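Chemist: Whole structure, please, built from the sequences with the hints as guidance.
There are 8 protein chains.
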Amino acid sequence: MKCDFILDTERFQRQGFPEAIYSLGKTEKQVIEIIANLIKKPNPIIATRVEKNLALKIKNKFKKSFYFDKAKIIVINPLKKNGKNYIAVITAGTSDIQTAEESAVTAESLGNNVERIYDVGVAGIHRLFKFNEKIKNASCVVVCAGMEGALASVVGGLISKVVIGVPTSTGYGTGKGGYSALLTMLNSCSPNVCVVNIDNGFGAGIIANIINKNR
Amino acid sequence: MKCDFILDTERFQRQGFPEAIYSLGKTEKQVIEIIANLIKKPNPIIATRVEKNLALKIKNKFKKSFYFDKAKIIVINPLKKNGKNYIAVITAGTSDIQTAEESAVTAESLGNNVERIYDVGVAGIHRLFKFNEKIKNASCVVVCAGMEGALASVVGGLISKVVIGVPTSTGYGTGKGGYSALLTMLNSCSPNVCVVNIDNGFGAGIIANIINKNR
Amino acid sequence: MKCDFILDTERFQRQGFPEAIYSLGKTEKQVIEIIANLIKKPNPIIATRVEKNLALKIKNKFKKSFYFDKAKIIVINPLKKNGKNYIAVITAGTSDIQTAEESAVTAESLGNNVERIYDVGVAGIHRLFKFNEKIKNASCVVVCAGMEGALASVVGGLISKVVIGVPTSTGYGTGKGGYSALLTMLNSCSPNVCVVNIDNGFGAGIIANIINKNR
Amino acid sequence: MKCDFILDTERFQRQGFPEAIYSLGKTEKQVIEIIANLIKKPNPIIATRVEKNLALKIKNKFKKSFYFDKAKIIVINPLKKNGKNYIAVITAGTSDIQTAEESAVTAESLGNNVERIYDVGVAGIHRLFKFNEKIKNASCVVVCAGMEGALASVVGGLISKVVIGVPTSTGYGTGKGGYSALLTMLNSCSPNVCVVNIDNGFGAGIIANIINKNR
Amino acid sequence: MKCDFILDTERFQRQGFPEAIYSLGKTEKQVIEIIANLIKKPNPIIATRVEKNLALKIKNKFKKSFYFDKAKIIVINPLKKNGKNYIAVITAGTSDIQTAEESAVTAESLGNNVERIYDVGVAGIHRLFKFNEKIKNASCVVVCAGMEGALASVVGGLISKVVIGVPTSTGYGTGKGGYSALLTMLNSCSPNVCVVNIDNGFGAGIIANIINKNR
Amino acid sequence: MKCDFILDTERFQRQGFPEAIYSLGKTEKQVIEIIANLIKKPNPIIATRVEKNLALKIKNKFKKSFYFDKAKIIVINPLKKNGKNYIAVITAGTSDIQTAEESAVTAESLGNNVERIYDVGVAGIHRLFKFNEKIKNASCVVVCAGMEGALASVVGGLISKVVIGVPTSTGYGTGKGGYSALLTMLNSCSPNVCVVNIDNGFGAGIIANIINKNR
Amino acid sequence: MKCDFILDTERFQRQGFPEAIYSLGKTEKQVIEIIANLIKKPNPIIATRVEKNLALKIKNKFKKSFYFDKAKIIVINPLKKNGKNYIAVITAGTSDIQTAEESAVTAESLGNNVERIYDVGVAGIHRLFKFNEKIKNASCVVVCAGMEGALASVVGGLISKVVIGVPTSTGYGTGKGGYSALLTMLNSCSPNVCVVNIDNGFGAGIIANIINKNR
Amino acid sequence: MKCDFILDTERFQRQGFPEAIYSLGKTEKQVIEIIANLIKKPNPIIATRVEKNLALKIKNKFKKSFYFDKAKIIVINPLKKNGKNYIAVITAGTSDIQTAEESAVTAESLGNNVERIYDVGVAGIHRLFKFNEKIKNASCVVVCAGMEGALASVVGGLISKVVIGVPTSTGYGTGKGGYSALLTMLNSCSPNVCVVNIDNGFGAGIIANIINKNR
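One line per chain: the protein sequences are A, B, C, D, E, F, G and H, in this order.
First residue of the first sequence: 1, per my numbering; consecutive thereafter.
First residue of the second sequence: 1001, per my numbering; consecutive thereafter.
First residue of the third sequence: 2001, per my numbering; consecutive thereafter.
First residue of the fourth sequence: 3001, per my numbering; consecutive thereafter.
First residue of the fifth sequence: 4001, per my numbering; consecutive thereafter.
First residue of the sixth sequence: 5001, per my numbering; consecutive thereafter.
First residue of the seventh sequence: 6001, per my numbering; consecutive thereafter.
First residue of the eighth sequence: 7001, per my numbering; consecutive thereafter.
Simulated from the structure, these hints should not be mistaken for lab results.
A hint or two may mislead.
[Claimed, not checked] Taking CB as the label site, the calculated pair distances span:
hint : chain 1 : residue 1 : chain 2 : residue 2 : range
1    : C       : Asn2137   : H       : Asn7053   : 54 to 62 Å
2    : C       : Ile2039   : B       : Asn1132   : 26 to 34 Å
3    : H       : Pro7078   : C       : Asn2137   : 48 to 56 Å
As the structure is a prediction and not an experimental result, all values here were calculated from the model.
Heads up, the beta-carbon is just placed ideally off N, CA and C, and yes, glycines get one too.
Modeler: In structure tokens:
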């Protein structure tokens, strides 16, 4: 056994989206080795949960890489955007923006247009309604919300598209860790709401990418 | 020790609301004995979670008693309603109505006016907005909701009064038992939302009664 | 307040799918009243979790209704199927079939073609691979699995489409209630897997319907 | 999208209480930008969970701001107190004081009188009874308690007003995080007890403010 | 292997209390066989959770047996009471009486005096204080309480003896199953409170028996 | 799709143990159809969790089938026992016997010798030590225990073989459902203890069969 | 309100044990102020969870104070030991010693003799049996154990005295935080085992003190 | 009581594997003292969870010790490998390697051959199938996986040997702490899968050692 990983280098061809490098459980050395292997092909490369220090090292080594600091994502070889379809990415509060950016940057790197609509949570529901048209015309909608996570249901009830709910771990007391938002979204009375893991902005971006492209 | 209970007969005088007889954990004999003791005073008597069979026996024995079957409540010596203030009792769906009725009948028995607004959950939020004025003018609002329980936050964001959230145990999968709705309400981003135990329509009715009377 | 429900009669026009009548939390009388109101319009009507007794009463009263007993669904005014696109509905075991049928019948009633692939769980993974082509060519895939729910990840890794995971409540011990399968699917290392509530076949059918139609 | 937030600037007019700036999930820059926007109107501004460092920066920039260090709250443009009504804020132990101060300072900033009664938990219940009259005459009572949280029920049984229970996250072992106190308060046998999220002193202060003003 | 059980016939000699026959997980035949074996020695025999039907069969077969229906206990060969020491057994409500009786009858069968004080929960704390002297003079106190279980802490704060808290499974919503009461008692701020399993009246009776006898 | 199941008919050849028919989630018709298909080959067939009624129907239809009522297992075509190696199956109490029998009968049907040692739980640890030699000489040991499940650790500390812990769902209060026993076994300080799902006697029997045969 | 605490100065007289100063939730200033107030009376003072830094400050200020570093306890005015009765304090492993010392030092400070028996967990049960006589002759036994916590049951089965189980938070994975050990002890099949909160060595010491003195 | 531990020095003779020194809950001094005592005998010594700093001190003091940094294990007196049997140790991802190395190094130190197969998780299941022969021919297989942990079931379905599942705590959101992977493995539909505690690589290594040696 010579190395710690077996790259699934066919994934982009097989699935149309790349294997993300989830940085948290890996050493800096492992992340850089994996990029060095992947970069031999011209496919898009996405590394998530990249803290600033690591990002600097990657950018030093791989000049083509770009760091999105709000999203904590490194992108190499992004796809070009085309068409008019777009994905709407919505947050309930300002604390949900990192996760939303993880979704948005993932989708943009794979060639999708993204419209961001941030800080329109249900405590002041009129803020949401100002964006009614933009939301209705999206191919699909990603809703990032912590606390009680009610925004996904409300958006779900307004539109005919799929809503991808991303519970975020912002919150305190019983909201800590995002379980409250997760349960809210799983129990949505709007049946067009599906859910991904807490803080999984990347997954939501991938799913939105598939739906938007097939439209 | 001769009997199974020590009545807190001063409670109505001390607190302005009676000790409810929660029927579920008690034998029929215990419930009837407690009523027989309480009825010696002219105060209102409320027994909750009373199934039909027990209700019939109580009505046979205590002619003044009245059974509200949707609420599963027996009332004796209700107070007269007066004034124009009212409490709004709202549900997200039809499955939440029993709990809502427990709140509404409790409040009415203690002399409050109640406006019922049922089945206005967030999957079709426009249904709620039709009742905007009625909700805004209430002294306080009881919101009964199961599933994701998002309605309490939305209502909370619209008004300047206290919202008493009652999570209901309707739901399935992760919504079973009402924990999802409970967490949603506890994590409401509308700070005027407070919460009582799952299915505790009686408690919400008592709290609404106190707020409405002090107005 | 004259009745227990406020129909969201515009939902089909607004969202392209009807409000389902979830029968479990409702009395037989409520279910029948709701159908009687909805049937005035020519839109599809779907009632879920309908036990046999109730189904007979509904069929007696509404001659156009059809009962799918494996799915426990009543359908009235189904849409016609057209096109060649199809949704694949897969189960890990025979115990997951009721939920899978809830998805399949929901999607078919809204005019989608459905391919069923049942009992191909990971304990004998070769069974799954026989259906490789059929799965890859679907617009999207619904995977119903209880126990450890690993099938959703495996299918997710094989294809470029969205996988909608439906954890089922079959299982015993720590698998009781479906939480194990839910967690498995939420933590899928295949990023194209999204999840709905435990046993929520209806929701998965609605989401698959949206994706399949937009293709 | 130019900025990270959409202020709900009408909230004070619409609801009579301002949108709080919950500092924990936000960057210092975001907090200061939000204040800079809100301060254009003469309404009260409340920022909670403000650590000392951030407080200093805010005070440097906004000379009218005042920092309550026990409460970790910044207040700008507080309302004047008037009338004789008051809110009682009670704690079980000394560890619950920060949460209690969050409630008390919130309520005072909105023009309410507050009586603080601290460290009167049930292990020495005689300490509570010394304050009997002061508690009974309050418009409503906020009870902050961690550990077993029993104080809310005991106070609830003594008075005719609403008790707003605030479970605190102080405690260890099974008491860690405040879940034990939360459950105790939700299951209170005193029906006049309602509950807010763990450590949510701000919410309790808002609810107490509404009840006290409407009296 | 000829039989399903290996009696620990030396337990009474070794520990001073007998092995209880917990009837719930056993067939009627197993319970009767175990009694038939134990009855060969003159030691006390206690079978708990005995429903009426089984009790009748046991009484038919073993004439010396006595059934306590409130406690659901069969006793054979009880020890004689002596001395003036006594154990106090207290309940918060009438629904906790079965568990309390399990404690009381267990202790009495082993020769202890027991004082019962029922229905003195904290919603009307004055009821408890009437029994102050009786409680203070007990060797130790068993407190049975469901719901929020606060009574154990309050009693613990009043006396210098050990309080054995028995959480009961009475309650609904978040109180269902007794976890709320259990957590309350484990987190008691009165350090003289120890706890046994939910509904474990037998265990509390055994512990009280040891403490009372050693006094 | 013509039928509800796809038999993994090669499993016995591939793995050396058959696919069990877990009866609980299946209709009687499905169970019988599956047996009818499997019986075409001469391999052993095991159906678990078979209640009496179903067992009678199976025995009527398949004359070679044998029903073990304590184990709730139907066996067809058992393998012959040979060799002197044996598996020890131990229970803590009489309530754990059904699960133990599921293990024992599974292993015996696959040709293993089994020694049963029942009712030797840690409350009277001397009962266990009488069987010291028999336990030490087994190829491996299955320990079935509910309640606190401590027996697995104690046995693990005595021997040099693998202990397969099977938590059972017997117990009440916090022991209900078997989670307490499961956690005990997972946290065993004896490192030779591995664990299967709660009540999963079949799985333990299969694992013991593999270890015993390879010896 | 001038200060943050109301001392329960009568507690030692009322209950025979002092109010402990639990240092974790308090500022250093608060701890020192409380000691300064308590030291005016000659009663024993116990402060728990005192880290080294705080201990040094306390010892500087109050010359009579003594710091037990393994127990993290400060004691002032300990009572004299007398008599021959003793309490046994037992641990399963070396990681449980801090909690055990909290129990032991608490009991010794109140005048009890203590026998320590450490590192005798069930993975090598023969180590325990060497101390059989010492354990049997104790007035009562405190058992501190993390991981699977099985030791409390085994000790409980050997003796006729009360066992006070203290689950400790040592452990990893499912044993993290001590819940596994807690559940084990609550579900003990030895009925003479009672339990206190996770890591609550102080509480166990107080209860042991009461039992030992009354002997 | 002179020291903090009682060595179970007979364990290697009694059980064939040594007592591991789990370093996390111990002081550096305690770890070194324990090694100093154990090293008097020639048996293998294994210390787990040893961070670099401690490892350096141990290596300074005990020249025969060897530190495996990926496994965080110190080994002294390893056994010689012999025979051709081997254990396969498999991981789903690169983040699971530390736990896998804990298993592998433990087994190797006790004289077993180990084959490592890392990063073959189910999102790209074809990677696994390349190692089919190597896995099938192992004596038993250790599978380390976090996230959804599905790999254990898939491997279990392919082979006739025992699979020892080790859930790892890598993951985020609902996967945090390893509970999701644990539940997946416990609910495996492959009956030859058994499970050890989260991150318990050592235990898996011991069990694999027993099975491999007895083959």
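Chemist: It remains to establish, for every hint, whether it holds in the given structure.
Modeler: Hints, verified against the model:
no.: 1; hint: C/Asn2137 / H/Asn7053: 54 to 62 Å; result: 57 Å, holds
no.: 2; hint: C/Ile2039 / B/Asn1132: 26 to 34 Å; result: 30 Å, holds
no.: 3; hint: H/Pro7078 / C/Asn2137: 48 to 56 Å; result: 54 Å, holds
Checked against the numbered hints given earlier, the structure satisfies every one of them.
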